[in-house]
Amino acid sequence: MKMKAISVVLGMAMLAAAISGCSGSPSTTTAATTTAAATTKATAAATTAAAGESTAAAANKKIILITMDSTDQHWVNVDKGCQEEAAALGNITYKWMAPDKKDDAQQIERINNAIADGADAILIAANGPDAITGALEEAKAAGIVIVYVDSPANTEAVATFSTDNKAAGKTAGEQMLAALATAGVTKGSIGIVNINTATDSTNKREAGFREAFDGSAFTILETQYGEGDAVKSQDIADNFITDGVVGIFGCNEGATVGVGNAIKGAGGGIVGVGFDRSDAILSLIKDGSLVCTMVQNPSVMGSEGLKAAAAVLAGETLTETVVDTGVSIVNAANVDSLA
Amino acid sequence: MERNETREKHTIRNILAIRGVGQIATITIGLLVLCLVFAILNHSFYSGRNVGNLLRQIAPILIIGIGQAYVLITGNIDLSIGSVVGMSCMISATLMTKGWNPWLSVIATLIICIGTGIGNGLLVATCKLPPFIATLGTMTVARGVAQIVNNNYNTDAIGEGAEGFRSFFYYGKMLGIFNTVWIAVVLFLIFNFLLSKTRTGRHIYAVGSNIDAARLSGVNVSITTIKAYMVSGFCAGTVGLVTSATSGIGTMDSGNMYELYAVAAAVIGGVSTLGGQGLLLGTVIGAAIWGVLQNGLQFAGAPVAIRNIVIGIIVIFSVLLDVVLRTGRPRKSAKGAAHTEG
Amino acid sequence: MPVNKNDNLSGQVKSMQDYIVEMDHIEKSFPGVKALDDVSFRLRAGEVMALLGENGAGKSTLVKILSGVYTRDSGDMKIFGQEQKDLSPKLAQELGVAIIHQELNMCKHLTVAQNIFLGREQTHSRVLSNREMNKEARDILKKLNVDIDPTDVVGDLQVSKQQMVEIAKALSANARILIMDEPTSALSSKEIDDLFMVIKNLKAAGCGVVYISHRLEELQYIVDRVTIMRDGKFIKSMDFADTNMEDIISNMVGRTIKEQFPRVECPKGRKILEVKNLNAGKLVRDISFDLFEGEIIGFSGLMGAGRTEMTRAIFGIDPKTSGNIILDGKDISINQPSDSIRSGIVLVPEDRKRDGLCTKLPVRENIALPNLDILCDVFGTVNRKKEKIMTDKAIRELQIKLPNAEVNAAALSGGNQQKVVVGKWLARNSRVVIFDEPTRGIDVAAKVEIYNLMNQLKKDGIGVMFVSSEMTEIMGISDRIIVMCDGRITGTMSADEATQDLVMTYATRFENKITQKVTA
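Line by line, the protein sequences are chains A, B and C. Taking this note's numbering, the leading residue of the first sequence gets 44, the next gets one more, and so forth. Taking this note's numbering, the leading residue of the second sequence gets 406, the next gets one more, and so forth. Taking this note's numbering, the leading residue of the third sequence gets 1270, the next gets one more, and so forth.
Worth flagging that the hints you see were computed from the coordinates, not collected in a lab. One should not assume that every hint holds.
[To be verified] Restricting the straight-line Cα-Cα distance to at most 25 Å, the calculated cross-link-like pairs of lysine-lysine (BS3-like) are:
id	chain 1	residue 1	chain 2	residue 2
1	B	Lys-578	A	Lys-307
2	C	Lys-1545	C	Lys-1589
3	C	Lys-1545	C	Lys-1303
4	B	Lys-503	A	Lys-329
5	C	Lys-1404	B	Lys-602
6	C	Lys-1622	C	Lys-1377
7	B	Lys-503	A	Lys-123
8	B	Lys-533	C	Lys-1377
9	B	Lys-533	C	Lys-1629
10	B	Lys-533	C	Lys-1359
11	B	Lys-602	C	Lys-1359
[Said to hold, decoys possible] Per label pair, the in silico range of CB-to-CB distance:
id	chain 1	residue 1	chain 2	residue 2	range
12	B	Thr-678	C	Ser-1298	50 to 56 Å
13	B	Val-438	A	Ser-380	39 to 45 Å
14	B	Ile-711	A	Gly-310	53 to 59 Å
15	A	Asp-173	C	Asn-1677	47 to 53 Å
16	B	Thr-433	C	Pro-1588	31 to 37 Å
17	C	Val-1647	A	Gln-149	39 to 45 Å
18	C	Ser-1298	B	Val-626	45 to 51 Å
19	A	Gln-149	C	Gln-1427	54 to 60 Å
20	C	Asn-1677	B	Ala-444	55 to 61 Å
21	B	Pro-708	C	Lys-1551	51 to 57 Å
22	A	Gln-149	B	Thr-678	27 to 33 Å
23	C	Pro-1588	B	Val-626	49 to 55 Å
Virtual Cβ for every residue (Gly too), placed ideally from N, Cα, C.
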């Protein structure tokens, strides 16, 4: 009998820790997991940057950010941008909600939770163009303002702040062609390490990249999918290298880390081009394993997105509704000047 | 009696009659056929470079397969393996980015992972929770720990001081073979010895075969269960270290789904999910089959859509083949499960 | 406080007069049940003490306390003169107490030698000494005169051989106190002889044996004293020579049982079943017989004669290679049990817990299970009212003792479980009921109830086939006896003609091939 009781208590404690582990933004997760009674209210209170700000119900607008997952540094940066903007504006209650991993069903759940939580506006990075449109329609019907950050869905929103992924992919492709030309390589095969077939943003990048190679003497091999996991992507890149490729393209941060490490492990000699930035990617550029990476501006997406949402909520109209937040090319030349 | 014994030992038929060996023979043939097919489809598959890479890709699957095999043989299951891999990757990487000596990080990480194994064992053996639920709980907690250890960020690069660490676990070679493979081989030898030649190993089979008979014969069932989970925790921890050495960073999502790959490797190799039987040598072949499939399908240029279907069909086929072949074979002088050397 | 058994015996045989087990005023309760109420028990060295009582009398609980599996609530227990406060199975094993369970407790995936040494593995600097253990195991098995290789996997052995392995295990652990719970129920008569020889040797060596069995006829060959229990209480303890069977039974049951084997005479009616030239594998060879209304046919024979295999072939569990089954004049084809059930031939199997009942389901569902076609409505939902009527009828007519129909089948005593197995068939108006070892592991009083049940079926014009290894039972209840040997029918006789010798003669009438003469 006693054992049963203990196991029930343990189970509930584990469950509570799991729930608080899933939800909430980074700065509050530590606090949340120490007490089983972590509530989303505490999360909201902690993330409101303005300390001591009284949440006067009428003036404060609630804006909720829903990204594709809660762990990729890219989303962390979007959240950072949002937090800064919310602090600057001062009358926003801001929250970050995201699933643990890219999953349509979970993202729909987050949208529904946001509606129930009384959001006034939702900033969302859609996993895919169609899966969540239903939930978004419901949100709009409830009067919630929708702004897309990073990836839009197929339903109208007041604004979209994203990287033109296709253009960025094309830029990456052009960078690779240039690097290959400099190295005197005129033909051969190219490998692409993508994430999965369902994520629209990375698929657009691949499409742009392939466009750059149209009509060139290089063949692009069958794309492999590494789920954005650095190790899986590295195994795939290793295999590409064994298969004799002259260049490999990584479509997001995890893939790029894997590609860089694989080239490093093989002793170089292959042109590696990637996407996104992280500490690891920057050091891989510094030591020459990667030629360059396309760095997005996630924090700009976040701050501008939140600004636009707040503006619409305040009754203003927007001048630009589709904004390309752009990419910058980071390579050996300028990597040291980055923070 | 002596004459009979020596005569029996040396016929192939009687070696095959040893319980479990038949299945290993079958899947080995399957493995060789697979390798042949992939080699034909793309010559790069059997290049020296790929063989080296392939072995290094198989090694982590084998290591977690060993851990899962131990737990399966006791009649339980460990669903937390994947999360412990992630937790281990994050803890070791975070400690190293904070300036810890890599080897101290390794020790601290492994202690925590073995501790998780002890936790699993206590929940199952002492609190009598069903293993599925207990390890499902630990799985979620471990994943949560992986996330909070670095404040819900993936870690920065683990830095120059960790070159030795990265070389030991992933990039380095000894006698032309990657260290990771050597680590897997050494762990296999140790754990196979433990399982087939020591009292603890015998008890592990007994508990899985008939837990009541074991208890009534004076076997300490709780300790045996905990030991099996400790092995699993240790193995998962080791693979987590390999992961952080591989990518040079800690990734919160690493190890996702690994517990199922571990089950696949063990079960293809002949470990029964009901407990009480299975040879670790089979897990080696099972892990190899899994690794060859993942690697070979890329070289074969298989489109991603059919990859998973192909993998699934081959996995089912390899287990089915053994069942079909075995029902026809007479059980005359089948020797013991734990009796053979691995 | 583990006692080194050598200290006590100091290499010499203890005298017959010393008690090696002394249990006094033992009390033990489980939730809702008082299993033992002020029970005493004594065992001397070098004697075989039969522990008798109906199912539920407390014998099992008492010996489990002696072997350390249960802890007594109160009372004293001395083993080899030493007071035992907290006995665990491991401690009891070290003291020299070994129990051989009725429900065989072996690890089926391990070998014979591995099972024998389970929990006491011999190691040489942490490594298992397999060679030494195999050798010792081989020696013990040889001493027991059994043909088992220590490297055989236990799960591949027949039940009777598994039991021998359990005995070997006890001997290997140098048991000085051997508790045997229904040791002969799965053995052939040759194996029983071997076992009794072993027990006699153990006696001579000074071991004490506690012998639990329902097969009262065997006691005379081996037992020195008897202890009788009833309803958790100690009734009587006496020398076997000073008592007789009637006396024992009446003490066990608390009343005299008039007839141990109630036989009823019935007029023989028409032919119900005709089995012609049935062949199914090695153990069912050219079997033919007729079954009439109003008679019970008993099938006798040694272990391995093929009687169970024949019932399984008729019922459709095992495939037939050839033969006809003709029920009420119509040739019916049976390929699986459902065919048989639909035609009206049903089986009460040998292993009731494994094959006859879903032990985790309530009694009501067990009774309903093969009758769902009758109990379900048009849409396939179970009609609860009809189910209740059927269940209540079965419980009433068979006098099944249980608190209510919702208890799990596993909770019932052996006899009542058997009644549930029969009960589920009776709801169907079956034509032929085949009983395979129906009274195994059931106490005397419940056995009589089963016999009465068979007689009732006979009277109702239902054909009864009765397979049993207890010769007295077959001779007592059947109207006709068919004897099988090694898969063939070797003799038939009427109840009047039957004698034990005649039956045994037919039962051992093997074909004249030298290789088969060795084992039964």
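>> Are any of the numbered hints broken by this structure? If so, which, sorted upward?
In response: Hint check: 3, 12, 13, 14, 18 and 23 fail, others pass.
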